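Colleague: Read top to bottom, the protein sequences are chains D and R.
Numbering-wise (my numbering), the first sequence opens with residue 1 and increments by one.
Numbering-wise (my numbering), the second sequence opens with residue 1 and increments by one.
It should be emphasised that the hints constitute simulated quantities derived from the structure, not laboratory data.
Here the structure is a predicted model, which is why all the values come from computation and not from measurement.
Some hints could be false.
[Unchecked claim] Only some residues are given here: those of chain R computed to face chain D with a beta carbon under 10 Å:
| hint | residue |
| --- | --- |
| 1 | L6 |
| 2 | A7 |
| 3 | A14 |
| 4 | V26 |
| 5 | T27 |
| 6 | G28 |
| 7 | L32 |
| 8 | M58 |
| 9 | S61 |
| 10 | F67 |
| 11 | L68 |
| 12 | V70 |
| 13 | S111 |
Even for Gly, the Cβ is constructed at its ideal location relative to N, Cα and C.
Listed here are the chains, written in short residue letters.
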Amino acid sequence: MLNRDEDILKAAETWTKSGHGVAIATVVETWGSAPRPAGSSLVINDDGTFLGSVSGGCVEGAVVTEALDVIASGKPKMLEFGVADETAWNVGLSCGGTIRVFVEKVGNS
Amino acid sequence: MKQNTLAELNAERAARRAVIVVTDVVTGDQRLIKAASIANDPLHEELDRHLRMGKSGMIESDGKKLFLNVYAPTARLVIIGAVHISQALAPLAQSLDYDVYVIDPRTAFASPERFPDVPLFADWPDVALPPLNIDRYTAFVALTHDPKIDDPALLHALERDCFYIGALGSRKTHAKRVDRLKAQGASDDSLARIHAPIGLNIGAVSPSEIAVAIMAEITARLRLPADAPLKTKSAA
Chain D
1 MLNRDEDILK
11 AAETWTKSGH
21 GVAIATVVET
31 WGSAPRPAGS
41 SLVINDDGTF
51 LGSVSGGCVE
61 GAVVTEALDV
71 IASGKPKMLE
81 FGVADETAWN
91 VGLSCGGTIR
101 VFVEKVGNS
Chain R
1 MKQNTLAELN
11 AERAARRAVI
21 VVTDVVTGDQ
31 RLIKAASIAN
41 DPLHEELDRH
51 LRMGKSGMIE
61 SDGKKLFLNV
71 YAPTARLVII
81 GAVHISQALA
91 PLAQSLDYDV
101 YVIDPRTAFA
111 SPERFPDVPL
121 FADWPDVALP
131 PLNIDRYTAF
141 VALTHDPKID
151 DPALLHALER
161 DCFYIGALGS
171 RKTHAKRVDR
181 LKAQGASDDS
191 LARIHAPIGL
201 NIGAVSPSEI
211 AVAIMAEITA
221 RLRLPADAPL
231 KTKSAA
C-alpha cells in the first residue's frame, strides 16, 4: 500500500501513446537488505530515458541496458543482482542484498 | 504488459481503486484483477492477504510462479476537530504515510500555527468533506466532542464506507450519539461500525498516547481481516 509510483506508470502510458517502445522493470523478489521492496518499478523508453527506481541507483544502468534488449525482442526477461562481485555480477548491490527484477515490454499483443 | 492493461491500471489508480496485476514470470502472461473481483477469483485468499498488507510478492500456484503486484491507493486520514489530540495524531499519521486532512469550523482551533504542514480546512464538515471524495481507503475520526460538528461528519463517513470510523467519547456519550444519529436515519448496522470509545486500550493518558492508541486501532483495521477481533477498547 502507500505506493507513490503513480506518475511513473502514467509516463509509461504517455510514452507508449506517442509511439515509443517502452519497458517496465519491476522488483519481484528480494533477499537480505534490499534497497527497494517488491513491486518497485522502473520504466524505460527506447531512447534510454528512464523514471523510477528498482535499487536506489546501484543497478539501474544495467537494467536500462537489458530493457532496451527487451524492447527490441519483445521477450520478457528475469534479471538477478547480488553483492557487487566481479566474478559473479558486473554490477551489484553494495548493501549486500539480492534482488530479482522482471523486465517486460509494453505492447499491443 | 499490454497497452490496454497499462491504461486500465492507470485509470483504476486515478479513481483510487485497488488493483492487483498477476504476472506469470516465466511466460509473461498477465491479468489485471480489480478489488471488486477478488472475492470470485480462484486466487482470492492470496490476493486478499496481499492487498490487506499492501505487499507485492511471488507466489506459486499450480506449479506456476506468479508475481502479485499490489497497487492500493494511498490511505488517507480525515480528522474532524483541530484539537489537542489532533495535533499529535496528524504528524503521527503522516509519518505512517497517510495523507492527512484536518477539518474544524472554529478558526481559533484550525490555525496554521497549531497545524504546520497539514492541509487544514476551517469549514463546517458539510462544506469541507464532499470535495475530499473520501472513500474505502480513508480512515475517519471525529474528535471535537461537539455534536453539531461531529454528527454530520460521522453520517458522511458512514455513507462513504470509510475503512475505519472512530469517535471520541465515553460509552455514555457514545450511547447518546447513537440515539441522535439513529433519529437522523442511520441504521444499527452502520452505527455498529463506529469505534467509540476510540482507540485500542493501551492505557493512553496524554494526547500523544491517545494518538498512538487511535493509530494502532486504524492500523489493525487496515491490515487484519475484517472479522478479526480487536482487543478491548480504552475509555478515551
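Colleague: Each hint needs a verdict: does it hold in this structure or not?
Modeller: Evaluation of the provided hints:
1. Hint status for R:L6: holds, given a least beta-carbon distance of 5 Å to chain D, under 10 Å.
2. This hint holds: R:A7 has a C-beta 6 Å from the nearest C-beta of chain D, less than the 10 Å allowed.
3. A least Cβ separation of about 8 Å between R:A14 and chain D falls short of the 10 Å threshold, and the interface hint therefore holds.
4. A hinted interface residue such as R:V26 counts as satisfied when its beta carbon comes closer than 10 Å to some beta carbon of chain D; here the least separation is about 8 Å, so the hint holds.
5. This hint holds: R:T27 has a C-beta 8 Å from the nearest C-beta of chain D, less than the 10 Å allowed.
6. Here the hint on R:G28 is kept, as its CB sits about 4 Å from the closest CB of chain D, short of 10 Å.
7. For R:L32, the interface hint is violated, since its Cβ never comes within 10 Å of a Cβ in chain D; the closest pair sits about 12 Å apart.
8. Taking 10 Å as the C-beta cut-off, the interface hint given for R:M58 holds, the closest approach to chain D being about 5 Å.
9. At a threshold of 10 Å, the smallest CB-CB gap from R:S61 to chain D is about 15 Å, leaving the interface hint violated.
10. Because the closest C-beta pair between R:F67 and chain D is about 4 Å apart, less than 10 Å, the hint holds.
11. Restraint check, R:L68 versus chain D: the minimum CB separation of about 9 Å is within 10 Å; hint holds.
12. Proximity of R:V70 to chain D holds as hinted, the smallest CB-CB distance being about 6 Å (cut-off 10 Å).
13. With 10 Å as the threshold, the beta carbon of R:S111 stays out of range of chain D, its nearest partner Cβ sitting at about 29 Å, so the hint is violated.
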